[in-house]
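Colleague: Protein chains in written order, with my numbering: chain A, 1 to 558; chain B, 1 to 226.
Treat the hints loosely; a few may be bogus.
[Stated by the list, open to error] Taking lysine-lysine pairs in the DSS-like style, the calculated list, with each CA pair at most 30 Å apart, reads:
#1 LYS194(A) / LYS118(B)
#2 LYS504(A) / LYS288(A)
#3 LYS352(A) / LYS294(A)
#4 LYS194(A) / LYS119(B)
[Claimed, not checked] Which chain A residues face chain B? A few, computed with CB under 10 Å, are given here:
#5 LEU118
#6 THR191
#7 HIS257
#8 TRP351
#9 GLY353
[Unchecked claim] What follows is a set of in silico ranges between Cβ atoms, one per label pair, in the way DEER data are often shown:
#10 GLU549(A) / LEU140(B): 54 to 60 Å
#11 PRO81(B) / ILE492(A): 40 to 46 Å
#12 PHE30(A) / ILE145(B): 40 to 46 Å
#13 TYR74(B) / PHE30(A): 42 to 48 Å
#14 LEU140(B) / PHE327(A): 57 to 63 Å
#15 GLY168(B) / PRO509(A): 53 to 59 Å
#16 TYR74(B) / ASN247(A): 17 to 23 Å
Hints in this document: simulated from the structure, not taken from any laboratory.
Every residue, glycine too, gets a C-beta built ideally from N, C-alpha and C.
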Amino acid sequence: MTNAPAADLNRPDDRPNHQPPTGWGRYLTFSTDHKVIGIQYLVTSFLFFLIGGLLAMVIRAELITPESDLVSRSVYNSMFTMHGTIMIFLWIFPSLVGLANYLVPLMIGAQDMAFPRLNAIAFWLVPLFGTLLMASFFLPDGTAQAGWWVYPPVSIQNPSGHLINGQFVWIVAVAISGVSSIMGAVNFVATIFKMRAPGMTFFRMPAYVWAVLSAQLIQLSALPVLTAGAVMLLFDLAVGTHFFDANEGGNPVLFQHFFWFYSHPAVYVMALPVFGVFSEIVPVYSRKPLFGYKVVAVSSLLISFVSILVWVHHMYTSYTPGWMRMFFMVTTMLVAVPTGVKVFAWTATVWKGKLRMETPMLFALGAIVMFLFAGITGVMLAATPIDIHVNNTYFVVGHFHYVVYGTITMGMFAAIYHWFPKMAGRMYYEGLGKVHFWLAFIGTNLNFLPMHPAGLQGMLRRVSSYDPEYAFWNVLASLGGFLLGMSTLPFILNIVSSWVQGPKAPANPWRAIGLEWMVSSPPPVENFEELPIVTAEPYGYGKSEPLVENAAAIAASN
Amino acid sequence: MLLLLSVTGKLLRLPIYPLPGTIMESSVTSQPTQASPAQAHAHGHDVEGTSLFGFIVFLLSESVIFLSFFAGYYIIKTTTPTWLPPGVEGLETQAPLINTIVLVSSSFVIWGAEEALKKHKMALFRGLWLLTSAMGIYFLVGQAIEWMSLPFGFTTGVYGGLFYLLTGFHGLHVLTGILLQFLMLGRSLIPGNYDKGHVGVTEVSLFWHFVDVIWIILFCLIYVWQ
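With these hints in hand, go ahead and build the complete structure from the sequences.
Modeller: Put into structure tokens, the structure is as follows:
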């Protein structure tokens, strides 16, 4: 049979992806190699992280004085709306998906994801919707301005009357992001269930894989709810239906339910993989097995289950009946139990370990400390009376930035430093890494800690001018914000220079235990020419038990 | 979502039943260029099983969108001060009931088609498969006729919005199902295409049952509970 058309097409994905990796160019192609896709995700999302960070700099520059004097109020609305949207949908989600894309197949001993093409399409949707969202800056009436919650009625107003307005583009972009996430989630779940190496039972999977599985199960069960809400919102905005229009019998609070039913569990979609990163990194740099591995693994699933039942804690002031407030207060506090299990497990792992304070460990420990603080304010906010008092104030803003920056982004940096030698085949520079950590750690606390007292005193979020009595805390926060902005520079310098000319990395520079460390750095295209046959639980530090029975053959084959 | 649906449906299947000429070289796993015993072992995972598993996971996720719309329907109906548009008494149920019977029956027909395929009775398979599509098209035409006869539109209050949203979103799924059926029918004309396995047919059939079950719930919500 002739298949000349295929030869003529010569699309990158039509070639067997067995050939040795060549050059930077492959990161711009439609590659189906999960390792290339993982790095594509990481680099793309980091570029958007820089854009979102620039918007944050504008916000902090505006807030360094009580008057609204830097940008106009509508530009300010645009800034915080796009800052939140970019950081969540274009930095945290895709960067974590990228990391999981790179690591999960390697960690479970698979040669690729279950559906490599689906994987590639899911990635290429990210630059697509990212560009679309950025294009809304150039629309005549600017970007969406309703905040990242896009609550109606604000989000269904269309004062300019244009069909293609900032809010319209926002909804379409987020919908494409949802399609990409569902594709990814189907792929991850199928990969983890169906592609594990011989002997890789569920309770031999690294805790990170458990965390990714739990996070992706949340995506599958909760993201479609936001999709439904977004479809209805789009019709209200663009076609003139009345689903959320109270004047015509619609129910605006229903949108809040749709939104938070997904967007609260989404916090755990973002946090769980980072918890998994802590569970991987802490044992390596403490030289001890992860304390309570099985409990830590199962606690991820418990978190994802409980997280589906807490969304109304965002809506205590949305005309929510008393019984609902009570119910969701209790369920929200319950989340602290499985997360507490994890924090205790990491602490017990560090306890009396031979600590190596290299950059990944610094970031992980710093992030765990800040997560503990975020968890404490989280339990405070779960309590209805406190939440009603500080609702929509900077106390809430401070709390969730300790989660999204202090925990998730710092944890992401820990992961990047830890697995960078594996991905790039080169070592990063330890000194620059430590500078990055200390700037980021001090910057994060200086930026977000003062938000708590400002919020307790009553400073509202999403305002560009405020009472001068809050000025002290805001000046501190802005200085911290600029420090945090600068902390990214040593990171960029480190990654770029070490990728170009850093010392070559051995297969296992950290003497870590795990399948990904048994193959060369970077791994061969097929990951494992010889599939590992797993014989033990992960984290066998200080034990003489081998992880696989064919370690020599795996090492020899690449 | 329709885009997601059709794209995902195809992506999960295409690599297993590549159309001639276009994507012949590719497969769900990357093909080893030189086979060795180790690689044969390495690539020995269950490709069809993985595809079916992924498809079921996707369907479960897709069902949550419908559940959300149903929940929205329930909440708005029970809380709104203005439910039916002025001058509308309710919906005619007789024609939709016939439509429902046709659609639900088609689930049995498609099951029969699958059974025929298992016994390699290709002519019977194609006949029953085509009959399923015809019943689906009958359903869609019936729905279109009903839509045109209604005195309210998509933007007429919350009732009009919800009615067209639910029936329209379901209708898109029926249409997708029919298109996927045509795709599978076309592939059955490739000699020997379904000899080694037919997970694509299984998945389209599963999708059709899914669309049917959703319709039964939808019918109860919209037509029975008036």
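Colleague: None of the hints should be skipped; say for each whether it holds.
Modeller: Hints and how they fare:
1. LYS194(A) / LYS118(B): holds (25 Å)
2. LYS504(A) / LYS288(A): holds (27 Å)
3. LYS352(A) / LYS294(A): Holds. LYS352(A) to LYS294(A) sits at ~21 Å (cutoff 30 Å).
4. LYS194(A) / LYS119(B): holds (28 Å)
5. LEU118: At 4 Å from the nearest chain B Cβ, LEU118(A) passes the 10 Å test, so the hint holds.
6. THR191: holds (8 Å)
7. HIS257: holds (8 Å)
8. TRP351: violated (39 Å)
9. GLY353: Cβ of GLY353(A) sits 36 Å from chain B, so the hint is violated.
10. GLU549(A) / LEU140(B): 54 to 60 Å: holds (57 Å)
11. PRO81(B) / ILE492(A): 40 to 46 Å: violated (57 Å)
12. PHE30(A) / ILE145(B): 40 to 46 Å: holds (44 Å)
13. TYR74(B) / PHE30(A): 42 to 48 Å: holds (43 Å)
14. LEU140(B) / PHE327(A): 57 to 63 Å: For PHE327(A) against LEU140(B), whose Cβ atoms are near 43 Å apart, the range 57 to 63 Å is violated.
15. GLY168(B) / PRO509(A): 53 to 59 Å: holds (56 Å)
16. TYR74(B) / ASN247(A): 17 to 23 Å: Check passed, 22 Å falls within 17 to 23 Å.
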